[in-house]
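Chemist: Here is what each chain is made of, one letter per residue.
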Amino acid sequence: MSRETRTIYLERSSYRRRRARDAARLLPFLALVLFFIPALWQISSESAGISAKSALVFLFLAWIAVIVLSFFLARYLKAPVVKESDPQSETAGHD
Amino acid sequence: MINTLVVVSLAYVAALFLIAFYAERLAARGKGAWLRSPLVYTLSLSIYCTGWTFYGAVGSAARGGLEYLAIYLGPTLVLVGWWWILRKIVRIGRAQRITSIADMISSRYGKSNSIAVVVTIMAVVGVTPYIALQLQSVSLSFNTFLQFSGEEPRYLDSQSTAFWVAVGLAIFTIIFGTRNLDANERHHGVVTAIAVEAVVKLAALVTLGIYVVWVLFGGVSETMAAIDQSAINVWQFDGARWTSIMFLSAAAFIALPRMFQVMVVENEDESHLFTASWAFPIYVLLVSLFVVPIAITGLEKFPSDANPDLFVLTVPLSEGRNGLAMFAFIGGFSAATSMVIVAAIALSTMLSNHVVMPIWLAFSDNRVSVAGDVRQIVLFARRLSIGGVVTLGYFYLKISGGGAALASIGLISFAGVAQLLPAMMGGIVWRAANRFGALAGLLTGFTIWAYTLFLPSFGPDAILSSSILNEGLFGLQWLRPYALFGISGMDNLVHSLFWSISLNLLVFVVVSLLTFPNPLERLQGAQFVNVFDHTVGASTWTKGRAETEDLLIMCQRIIGPQEAQELFKQEAGRQGKIGYLPDTTPEFLQTLERELAGSVGAATSHAMIAQIVGRSSVSVDDLMRVADEAAQIMEYSSQLEAKTEEQARTARQLTEANLKLTAISEQKDAFLSKVSHELRTPMTSIRAFSEILGETEDLADDQRSKYAGIIHGETIRLTRLLDDLLDLSVLENGEVKLSYSRCNLGAIIDQAVAATNFVDSHLALRRDKPSEDIWVVTDQDRLSQVIINLITNAAKYCDNRSPLLKISVRRSDKGVQIDFVDNGSGVSRENQDVIFEKFSRATDRSSGAGLGLAICREIMSKLGGSINYVPAQGGAVFRVLVPLSQN
Amino acid sequence: MGKSVLLIEDEPNIIEAISYILSKDGWRVASHSNGATALDEISRRAPDVVILDVMLPGKTGFEVLRDLRNEDGLAHIPVLMLTARGQTKDRELAEKVGATHFMTKPFSNSEVLDKVRAMVGG
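Protein chains in written order, with this note's numbering: chain A, 1 to 95; chain B, 1 to 887; chain C, 1 to 122.
Just chain A, with the same shape it has in the complex (with noise of 0.2 Å):
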């Protein structure tokens, strides 16, 4: 039994840091699809222009968001690789 959850667990987690690094693939698209966003405001505005405060907000909401992922991706792809090293923790902990 416990050796069955082991198995499940490892490989979710090795699945995990196969999407993490896709996801490190994506961000930059998604941060120049945010970025771009203004270009859309542009289109649909009637006037010459775009608030120049709207746009720095969001602008500036858009970037935080995009290093907070940047964090987040970074820190776990940098801890080590989870080892089935020590299966008699592992059962202890389902026991």
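Treat each hint with caution, since some may be false.
Said to hold, decoys possible - The list that follows gives simulated cross-link-like pairs (lysine-lysine, BS3-like), each with its CA atoms no further than 30 Å apart:
1. K96/C <-> K706/B
2. K59/C <-> K796/B
3. K111/B <-> K88/B
4. K814/B <-> K737/B
5. K3/C <-> K706/B
6. K3/C <-> K115/C
7. K862/B <-> K769/B
8. K706/B <-> K115/C
9. K569/B <-> K78/A
10. K31/B <-> K78/A
Note that these hints are calculated values from the structure, not bench results.
Take the given structure of chain A and dock chains B and C to it, following the hints.
Modeler: This is chains B and C only, laid out in the frame that chain A set:
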């Protein structure tokens, strides 16, 4: 006030010198782990934010709204997308020991120096105006203080500020940028000083920003309201410029020589990217946070003709906050100086490695034999280049007059450097990219950039006449610099960038597809594109022996076999190995290169070693494989570098010892079962045939004699085996009695040859009898036994159609050296290690139990000499060393 | 017509001896000297008995036997294993991989005959 400013600035500069000096000392002693921390790495990246961005961002915000943000969002994209590009570039940079962006691009394209020269020239042309811009920012800001204070300085006028700043920067850079000539080109002093400057410039901007928002406006919401009321409340969003600037800043962040220097060359640890990926975006976010509030304050306060580029200084000055203004000045000074220092280091590395040194080598022929000499020359070339780069920047400032033309040079410079991007990025993702494509693309992009952006930036009639500007080159309308192919109405920057980058890329791809790369390029291409495949696991050391053997062959040809073998043996011994084949560590290759340079000159020697380590004459597959190994070895040895040499040596010895132990415990078991097998096999035949002979009465006579013959043969085999085993065990247990006598070597060889049964062998023997006339004190019978064994072996195993054994004797100070050289295919590499072990016949099935060489080894060690297999000689070569006398 | 034996052994003198002993007893004896190609030879000749040496060039006798036992249509063939190393380890290994009988060199001629006869008779 001006005097205070001068004193503060000088004190700041002195502090930087001290910090750099202290950091160098710490690093030299192997201390100061924080010097190599991810934080210092991140801060050093901040040389992206130069004096131009420090002052100019506010100016840009005052003129064009939020466009300045794109300059910081571009690098943010690069860093949060580090998994794609930066990780790969940094890995390649470390694996290939890249020293500059020119080196990176030329390495990728088959180490072509012409590409390196083109990149260097492009970088110098693109960056020199930028250096001028930094000098200008310092002198302009100094000027501003002069205007506000109304004092006349006693020693300094504004005109000479730029000059003295240039001189000071050159001195600093020469002192700390050329202290060491390491393979890795890292400068701890410089990087630490840069990190300090990064903190100072950020602190200055943030302090000013807090002052503006909370003191002048009275809070965040008031500031927001003020933005709505200001002259820049509506932002004329220009998608093309937004895109172009973001692209340019991202491209420049990767391709600017100074960025490449801090990001790749000075990188201590790839994992620093983890931290930089979020920490550097925070840094640039903070830098840009207060730009708009400062800009609208300036717009409110000053008449419309005031220079918005100097709001950072004029806002606190006009409020009477001299201390704050001075802090801002130091911040801008930091931004400007750190850029100049790193740019000068990066450019000087490129100039000296790819321009000055090759020219010097070309003119100095074969005199480049003393290594120390070359080192001095390189350092001198570096210093000269640093001085040259800074001087160039200064004169650019003088000649251009430092007007508004210079203010716009920032993005123009970015656009010039961005031309390196297709060749560089193409090189790391596309294996088919080759040097023709890269060169053609670079030249195309650079030319279009110069024609449509750089040259016109000097103004009409400065370099390009106004007739060219208005009517195009040769009067051709479609060649107008601002409207190529008749497309007009575009923003100049967007127009130039569009044409230069797209044609650069197009030419690069098309020419690459139409031409063929040379083998070295294909090899480097695979190395760069698949860098992650080669550099992860670094375990397979032993494969490197293939190279070592080739190196030995070559080395023998150049400096003579005796000397070459001695050199290799010594190195192997130093590495804690036995035999003639040391690992090809970088140090060993250097030693070898120096050694060979004494005979053939440095350039040739370098080329020859490179040819072997890169094996450019064999098939591409071979090349790839060897390169993989070389890369792994380099990676492995760079890991070792961190430890002391002693540790590395111990580690190597431990590994070898461990391998041997495992082999021995396996051998013990294997030995017994082999003895059993070797004894029982002849016994089986003997027993079976004696039973047949005894029990069968109607056996034909010829059969009877045949079977008796078999019994006889097998008995002899059995006896010989038992003799050998006994002999070996006596020798191994040290019970042997040696009877030393003074005897003639030639006579011993005669005796051995006579004892060898040559009847059923085709082996021809060649001796040089006069050279054998040497008297030695040794055990004649035992030495003869060794020689018999070696001759018999040659007769058995030499696989040439007309086998020939050459016995050559040489006298040396250590004793007599007898080489047994046959013309067969030699002993395979994996067998070379085991032939002296018991029961290790090279080919598994042949007569003899495989004890001969083991016995020879025991005898020779008892006689105080040695027997070795000498690799890389074509055929099999056994070298017996006999001491001249009993001791 | 006698039954057939395939002798897989690489020492020419031992081949000679065993061939003589068995053919004199009415067996048809063929021999083969390579471990790597032994299995092909067995399936080609489809002998009634196989005598298999352990130390063979190319592939050990144990490996050959293991492959043989996993081969449809050949798995039933009785196998007499010969070894010159005389260790109990070898005997155990031989039984494990499915040898019908096991014999240590040197052996007596009658021992070979008895074993081979027993394998087809039983």
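Chemist: If a hint holds in the structure, say so; if it doesn't, say that too.
Modeler: Against the structure, the hints come out as follows:
1. Restraint check for K96/C and K706/B: not satisfied, since their Cα atoms lie roughly 39 Å apart, outside the 30 Å limit.
2. As the CA atoms of K59/C and K796/B are separated by approximately 24 Å, the hinted pair is consistent with the 30 Å bound.
3. Annotation: proposed proximity of K111/B to K88/B holds, straight-line Cα distance about 19 Å (limit 30 Å).
4. As the CA atoms of K814/B and K737/B are separated by approximately 24 Å, the hinted pair is consistent with the 30 Å bound.
5. At roughly 27 Å between alpha-carbon atoms, K3/C and K706/B fall within 30 Å of each other, so this suggested pair holds.
6. This hinted pair checks out: K3/C and K115/C have alpha carbons roughly 14 Å apart, not beyond 30 Å.
7. Between K862/B and K769/B the alpha-carbon distance is near 26 Å, which keeps this suggested pair within the 30 Å criterion.
8. Pair hint K706/B plus K115/C holds up; C-alpha atoms about 27 Å apart against a cutoff of 30 Å.
9. Of the pairs offered as hints, the one joining K569/B and K78/A is violated, with about 44 Å between alpha carbons and a cut-off of 30 Å exceeded.
10. In summary, the hint linking K31/B to K78/A is supported, as the alpha carbons are separated by about 25 Å, within the 30 Å threshold.
The earlier numbered hints that this structure contradicts are 1, 9.
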